[in-house]
Amino acid sequence: MTIVPVHPFVFLDHNATTPLRPAVLSAMVDVLGEPGNPSSVHAQGRAARRRVETARRQVAQALGVPASGEIVFTSGGTEANHLALRGLKIDGRVLRSAIEHDSVRAALPDAVEIPVTVDGIVDLAALERLLADGAALVSVMAANNETGALQPIAEIVRLAHAAGALVHCDAIQILGKAPFDMAALGLDLATVSAHKLGGPQGMAALALAPRLPLRALTTGGGQEKGYRAGTENVAGIVGFGLAIEAAVAELEPYGRLAGLRDRLAARLVGIDPAAVVFGAAASRVANTLCIAMPGVKAETQVMALDLAGIGVSAGSACSSGKVRISHVLTAMGIAPDLASAAIRISLGRDTTEGELDRLIEAWAALRHRTNRSAA
Amino acid sequence: MINGARVPPDAIYLDYQATTPTDPRVVDAMMPYLVQRFGNPHSTSHAFGQEAADAVERAREQVAALIGAEAREIVFTSGATESNNLAIKGAVRFLKSRRSKLVTVATEHKCVLESCRTLVAEGCELTVLPVDRDGRLDLDRLAAAIDDRTALVSVMAVNNEIGVIQDLAAIGAIARAAGALFHTDAAQAFGKVPLDVTAQKIDLMSISGHKVYAPKGIGALYVRRRPRVRLEPLFSGGGQERGLRSGTLAPALIVALGAAAEIAGRERAAEADRLGGLAASFLDRLTEALEGVAVHGNRTDRIPGNLNVGFAGVSALALMAALPDLALSVGSACTSADVEPSYVLSALGLDDATAASAVRIGFGRFTTEAELLRAAGRMIAAVAGLRSAGLRPALEAAT
Numbered sequence: 001m002t003i004v005p006v007h008p009f010v011f012l013d014h015n016a017t018t019p020l021r022p023a024v025l026s027a028m029v030d031v032l033g034e035p036g037n038p039s040s041v042h043a044q045g046r047a048a049r050r051r052v053e054t055a056r057r058q059v060a061q062a063l064g065v066p067a068s069g070e071i072v073f074t075s076g077g078t079e080a081n082h083l084a085l086r087g088l089k090i091d092g093r094v095l096r097s098a099i100e101h102d103s104v105r106a107a108l109p110d111a112v113e114i115p116v117t118v119d120g121i122v123d124l125a126a127l128e129r130l131l132a133d134g135a136a137l138v139s140v141m142a143a144n145n146e147t148g149a150l151q152p153i154a155e156i157v158r159l160a161h162a163a164g165a166l167v168h169c170d171a172i173q174i175l176g177k178a179p180f181d182m183a184a185l186g187l188d189l190a191t192v193s194a195h196k197l198g199g200p201q202g203m204a205a206l207a208l209a210p211r212l213p214l215r216a217l218t219t220g221g222g223q224e225k226g227y228r229a230g231t232e233n234v235a236g237i238v239g240f241g242l243a244i245e246a247a248v249a250e251l252e253p254y255g256r257l258a259g260l261r262d263r264l265a266a267r268l269v270g271i272d273p274a275a276v277v278f279g280a281a282a283s284r285v286a287n288t289l290c291i292a293m294p295g296v297k298a299e300t301q302v303m304a305l306d307l308a309g310i311g312v313s314a315g316s317a318c319s320s321g322k323v324r325i326s327h328v329l330t331a332m333g334i335a336p337d338l339a340s341a342a343i344r345i346s347l348g349r350d351t352t353e354g355e356l357d358r359l360i361e362a363w364a365a366l367r368h369r370t371n372r373s374a375a
Numbered sequence: 001m002i003n004g005a006r007v008p009p010d011a012i013y014l015d016y017q018a019t020t021p022t023d024p025r026v027v028d029a030m031m032p033y034l035v036q037r038f039g040n041p042h043s044t045s046h047a048f049g050q051e052a053a054d055a056v057e058r059a060r061e062q063v064a065a066l067i068g069a070e071a072r073e074i075v076f077t078s079g080a081t082e083s084n085n086l087a088i089k090g091a092v093r094f095l096k097s098r099r100s101k102l103v104t105v106a107t108e109h110k111c112v113l114e115s116c117r118t119l120v121a122e123g124c125e126l127t128v129l130p131v132d133r134d135g136r137l138d139l140d141r142l143a144a145a146i147d148d149r150t151a152l153v154s155v156m157a158v159n160n161e162i163g164v165i166q167d168l169a170a171i172g173a174i175a176r177a178a179g180a181l182f183h184t185d186a187a188q189a190f191g192k193v194p195l196d197v198t199a200q201k202i203d204l205m206s207i208s209g210h211k212v213y214a215p216k217g218i219g220a221l222y223v224r225r226r227p228r229v230r231l232e233p234l235f236s237g238g239g240q241e242r243g244l245r246s247g248t249l250a251p252a253l254i255v256a257l258g259a260a261a262e263i264a265g266r267e268r269a270a271e272a273d274r275l276g277g278l279a280a281s282f283l284d285r286l287t288e289a290l291e292g293v294a295v296h297g298n299r300t301d302r303i304p305g306n307l308n309v310g311f312a313g314v315s316a317l318a319l320m321a322a323l324p325d326l327a328l329s330v331g332s333a334c335t336s337a338d339v340e341p342s343y344v345l346s347a348l349g350l351d352d353a354t355a356a357s358a359v360r361i362g363f364g365r366f367t368t369e370a371e372l373l374r375a376a377g378r379m380i381a382a383v384a385g386l387r388s389a390g391l392r393p394a395l396e397a398a399t
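Chains A and B, in that order, are what the protein sequence lines are.
Quick note on the numbering used here: the first sequence kicks off at 1 and runs consecutively.
Quick note on the numbering used here: the second sequence kicks off at 1 and runs consecutively.
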């Protein structure tokens, strides 16, 4: 099989997925060649078990899972979110923010929506009012995948716990980008995914505080302490452990991306003074820029940039190729015309200034063309 | 650095029904999708995403080709456990208001039995059929157990402990005649025995990657389109996999399953001959040197890479403890830490002592003749030693 590389391609869609770290890859390839089912009692099985448990400690440590808490490995963020939200045996209303990922929205079809401010931050006064009417569970993401806006999780936990509700946090977009500590935040459940932080695709985890009433979605061999049946993806788990350890260790250098991102935003707004940056007033993860070029559909921008060899996305990638108006921007009160002109540019730890210059050039050319055809 | 327990340098892996190492050719096929900066396959608007999406569709064709299905009938999952859960819970929950009965077999994998029990808790009626002494399902009993209220019949293609192959075509015909869906857990069969969803009248088939030299963490479910089988998904969200299985697909894992399927399709017949020969000569050596060797499960209708053998008077756990360099197992991997005798062997009608003497020996693609000869010699010596020592305790024998 030959794969024709499209390089040099500038990949600026790191909130969708990230490249695998080279050290993670080589460890995974070694593990793939080993026979051994972690449930087997022979030496090969025990070796596989040791690898899984080492990675479990790495993930628990990176997340700050409370003592006697659990890490349950799953096949991805969607499964982990479903296990958390459908598996929890609770009785009462569920509240979720208006800007949650599709997998959370789908897992909680009957949830009451917590509104967000114009900057895309959960409205705490509204949350308090909703909690006053009773709730058993609150689900809010730590960082939004489209705008990068950081959410006031500590405050949300404090309010929710005071009202007797558990709190789940989809932490997929924050790990490796900004500090996160499950125990310090007082969270009950948190979801984290490997491929967003330099680990393999098809691997995620649900972190649990001790003694939560959780029921498995898939049953069978009793793996993962009965929370998730199925032979463990040993190579993927090993890769996850190594990747999250490295990502959390590199938080400080990751912060440099904020400078690149802000310079990029300023340059783009310089090209088109009518361009709008969403969540600009919010505290955001360092790598994310959500920006609209008024009058030009996001799909048109994404295609034009793709032709120029630059990968960005129109809102969230998960809608199976369909581009809809972002529910996140809609919840922020952005008019449909402007929201449909928004693209997401998400930098990675290896992104260079030169790569961003290519994006700026391509964006300027598109603005120029569309201005001309409008005139 | 990666950590792991120490595996003896001269260890011989004889547990291919628990899991297989990933074939180096499969690793090679995965590499581009691990190394290069391929994107999320659902972001088809940019070039990275498109390449990943194309690779996923090629793999879907490769998997479909091995079972006579169409590519669009293949749904990728995280493994056979998820496939079995999705097939059984998904199909029966969809049909429950009209047909609320399900039929399965005592020797099924735990995840099939557990999925059925979940449905019982939801109000369904379950029949668990026994098997004959050789592990095969009695077709008359099956026919008698099915009626017009039966939603689903779930019978595994190949048993994970005794390697026995069921008559899928006959079972499929019986289920279809009654209007029931036929699901088969083919985790141990895919790539090892011929499968054809049309000829065998299979509506749902669970497939595992790591039993056929692809990595752990990938599997598939065949879902018939004509007539269409409807399922209630276990997870929803992004709407991937025709809405049956949401979540970001892992292109590298999917490509690996496709590559493994293609290799198996090409090499299955020759590999079966080779493994059959190895198993026969291994067994010959044991029976020539030892009295009281029993083979559990049908001798002819079984996959060539499996032997389930008992040595009269020798406990399997003691034997395994005496052979730390041979990776053997009692029962399935999922239950191998249990001290109870295998429920599969009990279902064959074996008494507890006989069941407790049985070891599962699994050969595979990378097992060499030299390894088997050495393993047979080690096993013969260990059995003879344990017998002459009059069943010394396992730990003592190991030290």
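One should not assume that every hint holds.
Said to hold, decoys possible - Here are the simulated SDA-like cross-link-like pairs (lysine to any residue), alpha carbons at most 20 Å apart as the crow flies:
#, chain 1, residue 1, chain 2, residue 2
1, A, K225, B, K110
2, A, K89, B, A121
3, A, K89, B, R117
4, B, K110, A, A178
5, B, K110, A, A216
6, B, K110, A, V41
7, A, K89, B, E340
8, B, K110, A, G222
9, B, K110, B, E340
10, A, K225, A, G87
Bear in mind the hints are in silico, worked out from the structure with no lab data behind them.
A quick look at each hint next to the structure:
1. A:K225 / B:K110: holds, 15 Å
2. A:K89 / B:A121: Given pair A:K89, B:A121 holds - Cα atoms ~16 Å apart, limit 20 Å.
3. A:K89 / B:R117: Holds, at about 19 Å.
4. B:K110 / A:A178: Cα-Cα ~42 Å, so violated.
5. B:K110 / A:A216: Holds, because 15 Å separates the two Cα atoms, which is no more than 20 Å.
6. B:K110 / A:V41: holds, 18 Å
7. A:K89 / B:E340: violated, 31 Å
8. B:K110 / A:G222: Given pair B:K110, A:G222 holds - Cα atoms ~9 Å apart, limit 20 Å.
9. B:K110 / B:E340: With a Cα-Cα distance of about 14 Å, the restraint between B:K110 and B:E340 holds, given a limit of 20 Å.
10. A:K225 / A:G87: holds, 14 Å
The structure does not agree with the numbered hints 4 and 7 stated previously, though it agrees with the rest.
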